[in-house]
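Novice: With these hints in hand, go ahead and build the complete structure from the sequences.
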Amino acid sequence: MSIRKRADREYAAHLQGTLDLLILRTLLFGPQHGQGVARAIQQQSENVLIVDHGSLYPALQRLEDRGFISAEWGVSDNNRKARFYSLTRKGRNELTREEGEWRRIAAAIGRVLDAEPRKA
Amino acid sequence: MFWKRRSVRDFGEEIQSHIDIETERLISEGFSPAEARTAARRTFGNVTTSQERFYESQRTALWLDDLARDVRQALRSLRGTPTFTAVALLTLALGIGANAAIFSIVNAVVLEPLAYPKPEQLMHLVTQYPRTPQFRVSTPEYMEFREMNRSFSAVGAYAEGESDVTGGERPRRVRMAAVDSRLLDALGIKAAQGRLFTTEETEVTGNETLTTAILSHELWQSAFGGRPMIGQTVDVDGARREVIGIMPPGAALKDQRTEIWLPLGLNPANRQNRGSHGLFLIGRLRDGTTQQSAQTELDALIESWGERVGVTDHVFAPLTENSGHILSMKPLQQEVVGDAGRPIWVLQAAVGFVLLIACANLANLLLARGEARHQEFAVRRALGASRGRLLRQFMTEGLVLSIAGGILGVWLARAGVAALIAAYPTSLPRASEVSVNAPVLLWTLAISMATGVLFGLAPIMQTRAQRLLTALKEGGAKGATGAARQTIRRCLVVGEVALAVMLVIGAGLLLRTVLNLTNVDAGFAPSRLVTFSMRFSGTAYRESSARLQAWQRILDKIRAIPGVESATAMRGLPPNRPSNSNNTDIESYTRQPEGPPEVVNYDQSVMTGYFETMGIPIVAGRGFEQTDALSAGRVVVVNETFVKTFMSGQNPIGQRLRRLGWYDSAWWTVIGVARDVKQGGVDRETGTELYFLAAQAERSGPLAMPTTMNLVLRTTLPARALAQTLERVVKEVDAGIPIVRLREMDEVFAESISRPRLLSQLVGAFAALALLLAAVGTYGVLAYMVAARRREIGIRMALGADRLVVLAQVMKQGFLITSAGVVVGLGGAFVLTRLMAALLFAVQPTDAATLVTAIATIALVSIAACWLPAWRASRVDPIVMLRYE
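Residue numbers (this note's numbering), protein chains in the order written: chain S, 8 to 127; chain Y, 243 to 1127.
If you're looking for bench data, these hints aren't it; they were derived computationally from the structure. Since the model is a prediction, treat every value here as computed from it, not as a measurement. We put the CB at the ideal spot given by N, CA and C, even for glycine. Be aware that a few hints might be false.
[Stated by the list, open to error] So the derived label-pair ranges between C-beta atoms look like this:
id	chain 1	residue 1	chain 2	residue 2	range
1	S	Asn100	Y	Val250	56 to 66 Å
2	S	Val119	Y	Ala692	52 to 62 Å
3	Y	Gly630	S	Ala114	34 to 44 Å
4	S	Val119	Y	Gly630	36 to 46 Å
5	Y	Val250	S	Val119	41 to 51 Å
Specialist: Listed below in structure tokens is the structure:
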């Protein structure tokens, strides 16, 4: 495999991890359906993060398979049938861990970006 | 996570609900319902993609679904190209069919255990002398071994022969096994009806006659129509015997298709005649005893046999170059298969090569097809099919083809094997067991799959080449990829040619072998000789003199038949009969430690007129004359090898010899030397041989006159024309005696070399198939090259290139491929033909004439294969080609 390809794949994994983190975080406020999750991420990020719906549902499925969230059919605010996702205990732990990790990396990146050029 | 698996519908509903919710939100923000719906759909993106990703995440469930789809698509695409499919199927059916057929032989003859309980415990025991690897065991030796060994739970003895059985209206000659009860115990055979022999029935204490018999299932059916036979009597060799049992179908001693089982009648107390060897032994190892530990015990016994049994004369002793004799043991299976194993494996290798060539050809075909379908693949990739998905489909196409080819192949194999066994019923051991059965079907399935994967790989190589294409394009060398792809195809064809070269050389060597075997001078003139076999074994012929008279009467009547020039009879029919060695005391010969022991390999009893009828020249002294039969002085004729071995430098005429263990110890005087005649097979060294006149031998003992003899007639008539007359003549002497194996001597010769002939014919056929396939391969790759370069050729011709030059160039390409293949093939043949050396006769594996002929054949075929594409290239019309530009 070429170096370029490996980098691509790691980048993708990274982004995927980010989406998982955002979904878990959104669900911290209570059960929500897919559209609600997408809308919440978009609003809270002030329209910077627009969730690709083609990635959202596989991500939800993945999280459900790993036992971080559970799902059941329910009825939405405007009486629509919708599949509601809620955070499990395992998911809550995962969120705490992932959030810590993310903050650590963000801080590290921030420090690098803020650094003054060094004099020789 | 299986219990959580969601249905695709459930997922679809969720997406629908997402779009509905989004639509309502947009409406509440002031969009019209239609606009809102479109926008919601747009923001969601491609519903199908999302669904597909979900679908793909459910991997396990998909597999079968995909397979079914792939198979359907493969069938559709194969139906679209009927010529390709037909060629591919035919190639595969031939390749796989040949493999299935040969494997059914490998399986039945070599791999499948013998049809006895725990067959791996069965050992075959024979005696072994210097220069005589396999001889019989004497009664005392058998009894001693039976008593002394601790490794075997049962050891039994047998002798084989033929008997005349009269059941229905016609007497018939059947294959007979004389056995003791212990042998049946060792084999573990059970009777299907009645019972087997008891020990009392197979052993004797004096001269009592044994009166029981067991019929084989097959003889019971064919001779007695399957009617109740237990307790009935049958006439065996003129004596009445009671049928006490019937064997289960297929039960046999070794591979001999035994028809009747008779009691052996050994006296366990007999410790005389240690040198009178008449038995073979079969032993069953005790549970838990290995062949090796039994061998160790046997070696130890032989080391001290004399001390253990208290004898000094003719006792087992370790073998040296010129002395000693031992009891030797090998697994019964090995004894049954004999030396048929090697030719069978050679055949398996040959068909393996054919299949590899077929694979290479199909790979090439698929490559060519792949190029034609280039567009299709590009479109499908652009539509989102993954590379893995496309590859899987290639594989499916390959597998569908190869499995269909395999099914056709099995059908071919069935027909082929049946025809083979019918044509050569006696050339293969265990021939009756050969069938296309479950293991063969499994093997065929396995090689079909392997074949499919192997040639299905071709498109993968192609995609590799395509990646190379992009690389080269970037380098600006346009058109070079064509060359890269061509390289793969050329390598495949070079490989095909190499394999074909090896096969053709192998076939050539085997053909030479058969030719050499056919041309061996057997020492007598076989043309215009007709032969048949007869037995005088009934009670009327108990006396030696009665048999002699009967033989003489028959011969007199036969000599009187118009068209018969002369007739005689002999004990053993050359050129292929078992050795009947005898210890002989040669008066003038004193054995040196390094000299050969006085064992004469062949002992021949003949009637008068023998040398004249057979056309065997007497090189010194004289042959037998009528007067010898009546004269008191005993005379013997020896062969040239006998003189060379025991009397070199002396005048053999007038020397004396006597036979040890014979009825009397009278001296026989050598009166003549006959030219060497092949006795143990045309491919064997001629052994030493003694000729006795039956009429003289008769006087020395009760069994000295043979019961079974082969009659030989020198005649202008074919065997078929004589059949009725001979039948009538024999009936006049004794109506109860059948004539068997009536045939021309040429036929006897042909049968004696039937196995090498069968082998050479099969390998020859496979080599021809290989040549054909390689020629098709060469043709294909050149034709493709010409097609791809038409434009270039057209331009060059427009610029003034000569047609002949173009033709020569294409031929040169073909020549390069062929010569590369020949070089590789010669290298391979150099290694492989050595493994065949044991199968060759009077030809070296590196025989120059064979190599040259093989290469010339390949060259001719290759020229033929290259000619058409080359000619086409030279016919390219520059105007037409340039118009395309």
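Novice: Given a hinted range of 41 to 51 Å, is it respected by the beta-carbon distance of Val250(Y) and Val119(S)?
Specialist: holds, 46 Å
Novice: Using the Cβ atoms, figure out if Gly630(Y) sits within 34 to 44 Å of Ala114(S).
Specialist: Because 41 Å falls inside the window, the suggested range holds.
Novice: Using the C-beta atoms of Val119(S) and Ala692(Y), is the stated range 52 to 62 Å upheld?
Specialist: Given a distance of about 56 Å, which is inside 52 to 62 Å, the answer is holds.
Novice: Using the beta carbons of Val119(S) and Gly630(Y), state whether their distance is inside 36 to 46 Å or not.
Specialist: holds, 39 Å
Novice: Taking the beta carbons of Asn100(S) and Val250(Y), is their distance inside 56 to 66 Å?
Specialist: For Val250(Y) against Asn100(S), whose Cβ atoms are near 31 Å apart, the range 56 to 66 Å is violated.
Consistency with the previously given hints fails for number 1 only.
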